[in-house]
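6 protein chains.
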Amino acid sequence: MKLHIINPNTSRRMTEMIRSSAEQAAAFGTEIVCEGLRRGPEYADCAYDGVIVSHELVQMVQADMRMAAGYDAYVVASFADPALDALRELTDKPVVGIAESALHFASFLGYKFAVINTLPRLERTFEDEVRRAGASDRLAVVKLPPYRVSSFLESTEDAKAMLVKTAREAIEQDGAEVIILAGGMLAGYAGFLSAAIRAPVLDGVKCAVKMAEALAALGLTTSKIKTYAWPDAKKAYIK
Amino acid sequence: MKLHIINPNTSRRMTEMIRSSAEQAAAFGTEIVCEGLRRGPEYADCAYDGVIVSHELVQMVQADMRMAAGYDAYVVASFADPALDALRELTDKPVVGIAESALHFASFLGYKFAVINTLPRLERTFEDEVRRAGASDRLAVVKLPPYRVSSFLESTEDAKAMLVKTAREAIEQDGAEVIILAGGMLAGYAGFLSAAIRAPVLDGVKCAVKMAEALAALGLTTSKIKTYAWPDAKKAYIK
Amino acid sequence: MKLHIINPNTSRRMTEMIRSSAEQAAAFGTEIVCEGLRRGPEYADCAYDGVIVSHELVQMVQADMRMAAGYDAYVVASFADPALDALRELTDKPVVGIAESALHFASFLGYKFAVINTLPRLERTFEDEVRRAGASDRLAVVKLPPYRVSSFLESTEDAKAMLVKTAREAIEQDGAEVIILAGGMLAGYAGFLSAAIRAPVLDGVKCAVKMAEALAALGLTTSKIKTYAWPDAKKAYIK
Amino acid sequence: MKLHIINPNTSRRMTEMIRSSAEQAAAFGTEIVCEGLRRGPEYADCAYDGVIVSHELVQMVQADMRMAAGYDAYVVASFADPALDALRELTDKPVVGIAESALHFASFLGYKFAVINTLPRLERTFEDEVRRAGASDRLAVVKLPPYRVSSFLESTEDAKAMLVKTAREAIEQDGAEVIILAGGMLAGYAGFLSAAIRAPVLDGVKCAVKMAEALAALGLTTSKIKTYAWPDAKKAYIK
Amino acid sequence: MKLHIINPNTSRRMTEMIRSSAEQAAAFGTEIVCEGLRRGPEYADCAYDGVIVSHELVQMVQADMRMAAGYDAYVVASFADPALDALRELTDKPVVGIAESALHFASFLGYKFAVINTLPRLERTFEDEVRRAGASDRLAVVKLPPYRVSSFLESTEDAKAMLVKTAREAIEQDGAEVIILAGGMLAGYAGFLSAAIRAPVLDGVKCAVKMAEALAALGLTTSKIKTYAWPDAKKAYIK
Amino acid sequence: MKLHIINPNTSRRMTEMIRSSAEQAAAFGTEIVCEGLRRGPEYADCAYDGVIVSHELVQMVQADMRMAAGYDAYVVASFADPALDALRELTDKPVVGIAESALHFASFLGYKFAVINTLPRLERTFEDEVRRAGASDRLAVVKLPPYRVSSFLESTEDAKAMLVKTAREAIEQDGAEVIILAGGMLAGYAGFLSAAIRAPVLDGVKCAVKMAEALAALGLTTSKIKTYAWPDAKKAYIK
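Chains as they are written, first to last, in our numbering: chain W, 78 to 316; chain G, 78 to 316; chain F, 78 to 316; chain P, 78 to 316; chain R, 78 to 316; chain E, 78 to 316.
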């Protein structure tokens, strides 16, 4: 089985962290191809960025299809879950977002969950995703640790301590039972944090890899009945 | 006051119908500049098209800003209301969609409304917009008249009869009290249809023009506090 | 165009503030007729008051109709939006409430809004209106500044400082991006407050005037299909 | 125990039917005082009527209080449940509506219920009441038998057959398990209909009488903490 | 009339408190038979306990039916409202839970209510019950006084003071207008607490007794149409 | 990895179908232990049955724990998803229901789904599960093919034709894009039906096996923070 994991950002450091997380999760026999965007924002964190990265994403998947790249499923590795609907039209192979995967996995492990977020502008995007995933009743809180992104990329002791403090507050003050780490740059922290707080901690990249494997293993494909039908080929694009 | 009405499709016929509708609605002293996209689908009707037209839309508004075009407000004239969030980040001038405008206007005129739609694939998009506008309880039905788009563009007698029949069914069978015509290509039919069925019929383009005029006249601008804050200028785009 | 703005309270000071706000918002060519109730509470703030002022409101509109007063639209200028359904039955001219207008306008300018309220007993009424307008997900908070109504009517420096403090808390602590000033007695403060906090501040009276103008300009009338059908004339009232 | 049952209509025939139903439901020792309005519509069925009858209702309860009439609880016997909030402010004795009572009773007897309605214009009012009672998920259908009100008042065989047919359709086609008869004029039919369809049939008047007895027997009074606090006595009404 | 009140716990002290509360609420002529479980947890407070006590409850009601015990209605006296659906299948006599009864009664007396809970693990169960009763919008808060269960069973002065403090916080900080005491062990405190805080306080056992009396007095039985149809007798149980 | 698949019914034929389905879905290296109940109904289809099978389920898992059976995860293979909360308290190994698994998988493959159900009494249970899984907006319809359970167990041509007809109706009339087969006895039909209707068809048993494998592979365990904390061991059960 061959999965295409796309980091819809241009940060190479983040792409490496996502690749590492995906490879740890992959089953024996799953091939992981992990790429970042070639153009676009280093870290997409607003709706304008979302338009830019969505445009790149559809072109990457179209290129795969022109080249018959043979992927069995796609993972879009941004917690904003951009362009999922458009990609599900372009291919019938399963397309899986990391936020929706983490939200569905969380529902099996506890009643209320918290999302730990590193990009303040994504808060409304998360609320929309949680609503779309039908999990609004179960969201305890979205927490934003008062810390710079770069600290997490460098994995300092301070960053770790801040993460433990934030997760404990989510549990003790907000009633969270499961912690979801939002975004690729926290991907490496799930194991450490889970041990520290003795509660399940979800890394969306890992959840998405397992979800993609599961859908592909069962031979399931995206429904082409209506919402995700192939785009109409006859329409002329003036480009 | 100067409004930029953008048809996020490339059909020139549709752009003319939208311009005509907007000019009829405009107050004395309102200048209407109405343009279609230069690239993209003739009629956008799926999520993939939405990605393409959103990308064009942000570039048009960015061009306006580089040229200090001096628009007082923007109207995006597609019933899919594409890219509104991104455009609200790029400018602080009011940005108004035609679907959201029609939905808000309808709430003053009756309890339940029907949407008459010409593009079957937009059904789910409409459901999302209705939910986003908080109008789910008031949506009686989305009706799709069994008719080709081209008939409406040519305004044949058959197309008119079909529209009356569809609206009457929405009223008699589904409990609608107000009719919303979705999409630019039905823009010219509101007056005719309202007279025929003796009920309010809303043309989203006209509603959006009045909404844009109202917001601009009151000197209101998009909040830059959080959701629609300016995109971070320091981020490097590798283009 | 001729608008009848009715203050459903008997305070003349408040009627003057509403008139002033309405006249500032009115387009060139819009005639504003602004009246308070002749009987009833000085400030309606409970459900019992609502019954009294609703009874007065229907009589005022019935008097207009007997006299063929020729109004193009009505504005009910209380944040409790009383008797709107009954008035929409009595006339087919648009009837617009100031709370619903402000709620719909807010949705174009930001994601979350706060309502600043001066009458503590209206809190539940506001919650009902927000739900009816479909805006529950977007309400950040209803704030009640710890201050006497009379201070606002006299526009003291203390009142202004309190208003700025309250709005800032709504933004910083509750996540509001747009501020709605509830009630006629705050009508004069929108411009001052918006400049102070650098965020959009909505005066419901102004929003309602623009909404009434927009509906009337498009020739739209209340649907008589069902919910707002004319009251049955044959029924005998024993009076 | 002494209950004041008020029919907020002027039809004497309907008041008699309500009195009969209330007396059948009353416990040993409960005194029923049942009155209709002296002024207002014979059958209130629209929002305008609602304003008129609400104004009468508050005056009746105010008269009771001036006369120290000594009622232990109030029942408002219209399926539109008018003026309940205002009456709960005027007295601390329990005030009970017949629609809300029937809705709460139904929830103990089955999962989905149908409302059989005789006044077509009340449909939206019922939807609001069902939402307010938190029973939206359980409403199977509101059915309107195609029959004149007068037939039910005369209790013809045709009216009975029509009622059975309507209830059976609600069960077989719409999934109803419990039938609620809306409005005083169907009050006498519950026993007959329940026997015919072998399912629980609720008469709102009887449910409200038992609810009022229960609240009064437990010595419970309306909370004066906030929503239903006494109207402010100091305010001057210019009458 | 004969009511079977079942305490789905094995604590005899709690059964006595429930019996006392039920007897105080019972109308003249109502016979109260109050029993605890013979097997199972002293205080059920988790889902596993719920499975155990549900199994005991169905056996007790089956025993009643074998012995033709002749109960007119059943009350399940745990705030977790266990096994109500199953019991409604086994008998057509009304089956009433104490939590659902309190929730429905509260809606007649104020807008927002608080639940005072003594068993921390039941919080999610309460949330489910509140949602099932359609009362989510009206729940102000679930408060857990920082106190041991045994204190309440012994009715110490400290326990009383703690209860008053908790109720006052619910009113002043959370906007509650009505207080619901959750669970049998607080059953004796409603009168004391209501006098202390001058607001309605509901004892679920008393509400359930009145509800059961009301349903039985009106001759109402559980609908056997669908959800609560009798279990299929032909099925073989291998026991 | 070792999964315990429990059929909470006593039908051996159904247990064999579930085992077959589970073994087809299992990854290389996953050991499937599939058992039915020893006591209880052949096919559980009502709330009373739910109480009985829940009691058996907790005993089976308790027996596993006494024997240190070493399962890595549990699957409860009834579409009613019984006792999941209780089992999640008894063990920290993932516990997965087949209905919730199918609902979560469906959300990746299409917007609206239909459930094909063979046991009419489970309709309300399904509605509860769909709500609990947050998927209410996406449920197109629950369809009940007019056919006897035994036909499906025997896999007759008539049963197959009926299934195709039912699925086509769900797609064409109700807007479904994905089909979920409810219950173990339809487990064998997913491949056949998917080929016939050219749309994804989900077998809950297979989805649950993949979900259990995914959770266990990532080393995730049920949160013991609050909702699913271990039952309190000190409590005495009088048995």
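Honestly, the hints are just simulated from the structure, not real lab data. Keep in mind the model is a prediction, meaning the values are calculated, not measured. There's no promise every hint is true.
[Unchecked claim] Mimicking DSBU-like on lysine-lysine, the simulated pairs with C-alpha atoms at most 30 Å apart in a straight line are: (1) R/Lys220 x R/Lys242; (2) G/Lys303 x F/Lys301; (3) P/Lys303 x R/Lys220.
Cross-check of the supplied hints:
For the hint linking R/Lys220 to R/Lys242, the alpha-carbon distance of about 11 Å falls within 30 Å, and the restraint holds. This hinted pair does not check out: G/Lys303 and F/Lys301 have alpha carbons roughly 42 Å apart, beyond 30 Å. Between P/Lys303 and R/Lys220 the alpha-carbon distance is near 19 Å, which keeps this suggested pair within the 30 Å criterion.
Violated hint: 2 only; the structure is consistent with all others.
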